[in-house]
Amino acid sequence: MKAFVFPGQGSQFPGMAKDLYENFALAKEIVDEADQILGFSLSKVMFEGTDEDLKQTKVTQPAIYLHSVLVAKLGKDFAPDMVAGHSLGEFSALVAAGGLSWQDGLRLVYQRALAMQKACEVVPSTMAAVLGLADAEIERICGELNGEVVAANYNCPGQVVISGSVSGIEKAAELLKAAGAKRVLTLPVGGAFHSPFMEPARVELAAAIEATTIERPICPIFQNVTAKPSQDPAEIKQNLIAQLTGAVRWTQSVEAMVAAGATDFIECGPGKVLQGLVKKISADVQVASMELA
1 MKAFVFPGQG SQFPGMAKDL YENFALAKEI VDEADQILGF SLSKVMFEGT DEDLKQTKVT
61 QPAIYLHSVL VAKLGKDFAP DMVAGHSLGE FSALVAAGGL SWQDGLRLVY QRALAMQKAC
121 EVVPSTMAAV LGLADAEIER ICGELNGEVV AANYNCPGQV VISGSVSGIE KAAELLKAAG
181 AKRVLTLPVG GAFHSPFMEP ARVELAAAIE ATTIERPICP IFQNVTAKPS QDPAEIKQNL
241 IAQLTGAVRW TQSVEAMVAA GATDFIECGP GKVLQGLVKK ISADVQVASM ELA
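The opening position of the sequence shown corresponds to residue 1 in full-length UniProt numbering, with each subsequent residue numbered one higher.
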């Protein structure tokens, strides 16, 4: 069984999707329409921007989303038995599985990016990757910090990203290292994504998601906050809203997909980050990038 997976923030690179735009008429049509919908030239930043330009949340999220959607639309034999996306990638996955039009998906992703950016400016906050420590131990230490820090991304065994206030992350780093973490690396992000610090963004995005039509996707989508499959539009909406302040349970999602019969994981989008994570979660499955038609 084939599982198609879609990356989140961090997969961007200068020149992304330029080859697709130049070689496929459909890609050019979609990218040009995307620029119109957004009211600025996202394509110019994607094709010509620097690493620094692409790091802005309001650019990163729609850029990765658009690249991923193009790959799914241009891919050879796109016939998923199940889909999942990491954080932002959940929107790309839903579009690819027919649950959302790509235009509505783009509008939501851009609103999500702007809302998250705004929430980041309210309280100085950040994220850090914790390497080489058990999930339960990370959760225990975060639990001792009075809600200042939470486990935000369960990426693979031995790699969890925590999210919280700047001072909270500093305290957590000391405690985690003392508990045996191999490394605690502060990430170059503007805020505490997937934590209660994103509550203002969650409220803002909830209204936009509620007002958007979501259809029943053609296959189950394994969602970040539950790590369970769903094809119910109302449930999918609630989980997309909860995702802003809830953890990305990627490890648990991949395990659940394998348990449901997934043998091949095909990554749709820029980079190969998810292929590496999937292999660390389940050594027996096959991983690959999406082949273009």
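Some hints here could point you the wrong way.
To be verified - Restricting the straight-line Cα-Cα distance to at most 27 Å, the calculated cross-link-like pairs of lysine-lysine (DSS-like) are:
#1 K2 x K76
#2 K73 x K44
#3 K272 x K76
#4 K171 x K182
#5 K182 x K272
#6 K55 x K2
#7 K171 x K118
#8 K28 x K76
#9 K18 x K28
Unchecked claim - Each pair of labels, with its calculated beta carbon distance range:
#10 R216 x N146: 37 to 43 Å
#11 G180 x A25: 25 to 31 Å
#12 P157 x A25: 19 to 25 Å
#13 V285 x T212: 30 to 36 Å
#14 K44 x P188: 20 to 26 Å
#15 E48 x T212: 28 to 34 Å
#16 G158 x T212: 34 to 40 Å
#17 R140 x R216: 38 to 44 Å
#18 P196 x K76: 40 to 46 Å
#19 R216 x S41: 19 to 25 Å
#20 G180 x E48: 29 to 35 Å
#21 G180 x N23: 22 to 28 Å
#22 E137 x K279: 34 to 40 Å
#23 D32 x R216: 26 to 32 Å
Honestly, the hints are just simulated from the structure, not real lab data.
Values in this document were obtained by computation on a predicted structure and should not be read as measured data.
Positions of the beta carbon are idealized from the N, C-alpha and C atoms, including for glycine.
Now the hints, each set against the structure:
{"no.": "1", "hint": "K2 x K76", "verdict": "holds (13 Å)"}
{"no.": "2", "hint": "K73 x K44", "verdict": "holds (21 Å)"}
{"no.": "3", "hint": "K272 x K76", "verdict": "holds (18 Å)"}
{"no.": "4", "hint": "K171 x K182", "verdict": "holds (16 Å)"}
{"no.": "5", "hint": "K182 x K272", "verdict": "holds (24 Å)"}
{"no.": "6", "hint": "K55 x K2", "verdict": "violated (31 Å)"}
{"no.": "7", "hint": "K171 x K118", "verdict": "holds (25 Å)"}
{"no.": "8", "hint": "K28 x K76", "verdict": "holds (18 Å)"}
{"no.": "9", "hint": "K18 x K28", "verdict": "holds (9 Å)"}
{"no.": "10", "hint": "R216 x N146: 37 to 43 Å", "verdict": "holds (42 Å)"}
{"no.": "11", "hint": "G180 x A25: 25 to 31 Å", "verdict": "violated (55 Å)"}
{"no.": "12", "hint": "P157 x A25: 19 to 25 Å", "verdict": "violated (43 Å)"}
{"no.": "13", "hint": "V285 x T212: 30 to 36 Å", "verdict": "holds (33 Å)"}
{"no.": "14", "hint": "K44 x P188: 20 to 26 Å", "verdict": "holds (23 Å)"}
{"no.": "15", "hint": "E48 x T212: 28 to 34 Å", "verdict": "holds (31 Å)"}
{"no.": "16", "hint": "G158 x T212: 34 to 40 Å", "verdict": "holds (37 Å)"}
{"no.": "17", "hint": "R140 x R216: 38 to 44 Å", "verdict": "holds (40 Å)"}
{"no.": "18", "hint": "P196 x K76: 40 to 46 Å", "verdict": "holds (42 Å)"}
{"no.": "19", "hint": "R216 x S41: 19 to 25 Å", "verdict": "violated (35 Å)"}
{"no.": "20", "hint": "G180 x E48: 29 to 35 Å", "verdict": "violated (45 Å)"}
{"no.": "21", "hint": "G180 x N23: 22 to 28 Å", "verdict": "violated (49 Å)"}
{"no.": "22", "hint": "E137 x K279: 34 to 40 Å", "verdict": "violated (24 Å)"}
{"no.": "23", "hint": "D32 x R216: 26 to 32 Å", "verdict": "holds (30 Å)"}
Hints 6, 11, 12, 19, 20, 21, 22, counting from the list given before, are not met by this structure.
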